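J.: Below, each chain spelled out in residue letters.
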Amino acid sequence: MHVDPEIIRLLAFLIGVIAFAALNAAYLVWLERKEAGHIQRRIGPKEVGPFGLLQPLVDGIKLMTKQLIVPAGVDPVLFRIAPILVMVPAIMSFVTIPFSETLVARNLDIGLLAIFAFASVNVLGLLLGAWGSRNKYAVISAARVVSQNVAYEIPMLVTVVTLVMITGTMNLHNIVMQQQGGFWHWNIFNFSASPLMPVAFLIFFVCMLAETNRAPFDMAEAESELVAGAFTEYSGMGFGVFFMGEYANIVIGASMATILFLGGWDCPFGLFPGVHWFLIKMYFLIFTVIWIRWTYPRTTFYGLLNLSWKILIPISFFNLILTSAMLKVF
Amino acid sequence: MIDYLREIISGTWSLFVGLGITIRYFFQPVVTVQYPYQTLPMTPRFRGHIELVKDEETGETRCIVCGMCQKACPSNCITVNGEKREGVKGKVLTEYRLDFTKCSLCGLCVESCTPKAITFSKDYNLAGVRKEAYIFDLKKRLEAKNR
Ligand code: SF4
Ligand code: SF4
Numbered sequence: 004m005h006v007d008p009e010i011i012r013l014l015a016f017l018i019g020v021i022a023f024a025a026l027n028a029a030y031l032v033w034l035e036r037k038e039a040g041h042i043q044r045r046i047g048p049k050e051v052g053p054f055g056l057l058q059p060l061v062d063g064i065k066l067m068t069k070q071l072i073v074p075a076g077v078d079p080v081l082f083r084i085a086p087i088l089v090m091v092p093a094i095m096s097f098v099t100i101p102f103s104e105t106l107v108a109r110n111l112d113i114g115l116l117a118i119f120a121f122a123s124v125n126v127l128g129l130l131l132g133a134w135g136s137r138n139k140y141a142v143i144s145a146a147r148v149v150s151q152n153v154a155y156e157i158p159m160l161v162t163v164v165t166l167v168m169i170t171g172t173m174n175l176h177n178i179v180m181q182q183q184g185g186f187w188h189w190n191i192f193n194f195s196a197s198p199l200m201p202v203a204f205l206i207f208f209v210c211m212l213a214e215t216n217r218a219p220f221d222m223a224e225a226e227s228e229l230v231a232g233a234f235t236e237y238s239g240m241g242f243g244v245f246f247m248g249e250y251a252n253i254v255i256g257a258s259m260a261t262i263l264f265l266g267g268w269d270c271p272f273g274l275f276p277g278v279h280w281f282l283i284k285m286y287f288l289i290f291t292v293i294w295i296r297w298t299y300p301r302t303t304f305y306g307l308l309n310l311s312w313k314i315l316i317p318i319s320f321f322n323l324i325l326t327s328a329m330l331k332v333f
Numbered sequence: 009m010i011d012y013l014r015e016i017i018s019g020t021w022s023l024f025v026g027l028g029i030t031i032r033y034f035f036q037p038v039v040t041v042q043y044p045y046q047t048l049p050m051t052p053r054f055r056g057h058i059e060l061v062k063d064e065e066t067g068e069t070r071c072i073v074c075g076m077c078q079k080a081c082p083s084n085c086i087t088v089n090g091e092k093r094e095g096v097k098g099k100v101l102t103e104y105r106l107d108f109t110k111c112s113l114c115g116l117c118v119e120s121c122t123p124k125a126i127t128f129s130k131d132y133n134l135a136g137v138r139k140e141a142y143i144f145d146l147k148k149r150l151e152a153k154n155r
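Going line by line, the protein sequences match chains A and B. Going by the numbering used here, the residue at position 224 of the first sequence is 227; the numbering climbs one at a time, nothing skipped. Going by the numbering used here, the residue at position 109 of the second sequence is 117; the numbering climbs one at a time, nothing skipped.
These aren't lab readings, by the way, just hints derived from the structure by calculation. From a predicted model like this one, the values you see are computed outputs, not experimental measurements. One or more hints might be untrue.
Sample of chain A residues facing chain B (criterion: CB under 10 Å; computed from the structure) [claimed, not checked]:
(1) H41
(2) R45
(3) I46
(4) Y299
Below, in silico cross-link-like pairs of lysine to aspartate or glutamate (EDC-like), each with a Cα-Cα straight-line distance of 20 Å or less [to be verified]:
(5) A:K313 - B:E15
(6) B:K92 - B:D131
(7) A:K313 - B:D11
(8) B:K147 - B:D131
(9) B:K110 - B:E15
(10) A:K37 - A:E50
Just the calculated beta-carbon pair ranges, DEER-fashion [to be verified]:
(11) A:I64 - B:N89: 38 to 46 Å
(12) B:P82 - A:L60: 38 to 46 Å
(13) A:P74 - B:P52: 53 to 61 Å
(14) A:K69 - B:Y45: 26 to 34 Å
Virtual Cβ for every residue (Gly too), placed ideally from N, Cα, C.
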């Protein structure tokens, strides 16, 4: 029997991507708890396995053994598909992320667009789950998530449009290839295109935090006022899948920042580019995301919207205009 | 306009200062005590339940069975019993029972004891499922400690 090698390749990548997402989700929780511990000058998980390394496994087993409660009065369909709607787009996004020059499942010409399209489904999942839960905390949380995402998608996309104007392509592989050869070629230091590129990176990073609902923008899951926000009615693995989806989204966000601004798999000194550099940059960004969470308190909702509409959006538009002028002049 | 920009820049800077503080904490050694693997020595004025003091010369209790502690205790936790023995001056302690379930750690017993025969112990690891577990025989406790 003849099997198309392309199918085998795709299957291998599918399994690889799911394994990568799941492993990351599990061990980012561990990293988060360890890092939070050390920032607060305690140890964090340490009992299960050396350095608490088996903790995610035990937590996973605990979540899986719990009963999946579907409360009376919820929308049975929406309530059940919502976690999947958060998880699946996150995994799909991995398909087009180039980890190195050769390591990519599908090199799409519109990879950038595809990822941002998938990323917005995440919000839909949270919204449907919260709406389906028929819980007032969840609905308040959903309203916040949506307005927050609308507010932060604009500066993020404007920044990305600026970047696409500079690179002239939406193919992630080509975007990285343009930044090869040392850190002075990276888009974050591309001063010839726009002197505001580091600011653009900062805007992108802040929007990424808001899009993934991470602290200090975790209005969706503001425990102190909304119990658990959109996840209030979820138990066991229903909650677990939401949780994994969130961490997978953080990985995607950090990967995108790496690809768009930090030169992807390029080595800062022009030596030995490869997947290891991609992972180093990505995990450094994830470390920063966690570091930010354990540094700042949660913002108020108005502060959050003010930051977007009054600061991020004007600056990103200014950068867009400046870049297009610079591209035209030089 | 200038104020707007100044606020953005100073605000961003203050965020980076905050990050600097937490990362410094991140690399400093942890300060928590890993109880129960590690324990801290108890402070000298800690009040555990009372216990009998060992007399350094005889190795026995200093108690002269005067019963002052029993009288002083407002909660009637203490029961002291003694007997006369041949060739021994004064009474000999036969039983010192403390009902710790009622003790309020007020310290009146320790204060009222002239020969300083009782003191507060440093024992804080107490756990039990029955009330009887907290009726201590302090004489036996002292003997067990001496062994
Ligand atoms: S400390 Fe107070 S309550 Fe406790 S045994 Fe002594 S006198 Fe009684
Ligand atoms: S007051 Fe002191 S000496 Fe008197 S019976 Fe109590 S413990 Fe013994």
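J.: Now tell me, hint by hint, if it's right for this structure.
T.: Tested hints:
A least Cβ separation of about 5 Å between H41 of chain A and chain B falls short of the 10 Å threshold, and the interface hint therefore holds. A hinted interface residue such as R45 of chain A counts as satisfied when its beta carbon comes closer than 10 Å to some beta carbon of chain B; here the least separation is about 4 Å, so the hint holds. For the restraint placing I46 of chain A at the interface with chain B, the shortest Cβ-Cβ distance is roughly 5 Å, inside the 10 Å limit, so the hint holds. With its C-beta approaching chain B no nearer than about 7 Å, Y299 of chain A sits inside the 10 Å limit, and its interface hint holds.
Between K313 of chain A and E15 of chain B the CA atoms are separated by roughly 12 Å; this keeps the pair inside 20 Å, and the hint holds. Straight-line distance between C-alpha atoms of K92 of chain B and D131 of chain B comes to about 32 Å, which puts the hinted pair past the 20 Å bound. The straight-line distance between the Cα atoms of K313 of chain A and D11 of chain B is roughly 13 Å, inside the 20 Å bound, and the hint therefore holds. Taken as a hint, the K147 of chain B and D131 of chain B pair is honoured in the structure, with Cα atoms around 16 Å apart against an allowance of 20 Å.
A hinted pair counts as satisfied when its Cα atoms are at most 20 Å apart, and K110 of chain B with E15 of chain B does not qualify at roughly 62 Å. Restraint check for K37 of chain A and E50 of chain A: satisfied, since their Cα atoms lie roughly 12 Å apart, inside the 20 Å limit. Between I64 of chain A and N89 of chain B the Cβ separation comes to about 57 Å, which falls outside the hinted range of 38 to 46 Å. Checked against the given bound of 38 to 46 Å, the beta carbons of P82 of chain B and L60 of chain A, roughly 55 Å apart, lie outside it.
Look at P74 of chain A against P52 of chain B: about 55 Å separates their beta carbons, and that is inside 53 to 61 Å. For the pair K69 of chain A and Y45 of chain B, the supplied restraint of 26 to 34 Å holds, since their beta-carbon distance comes to about 30 Å.
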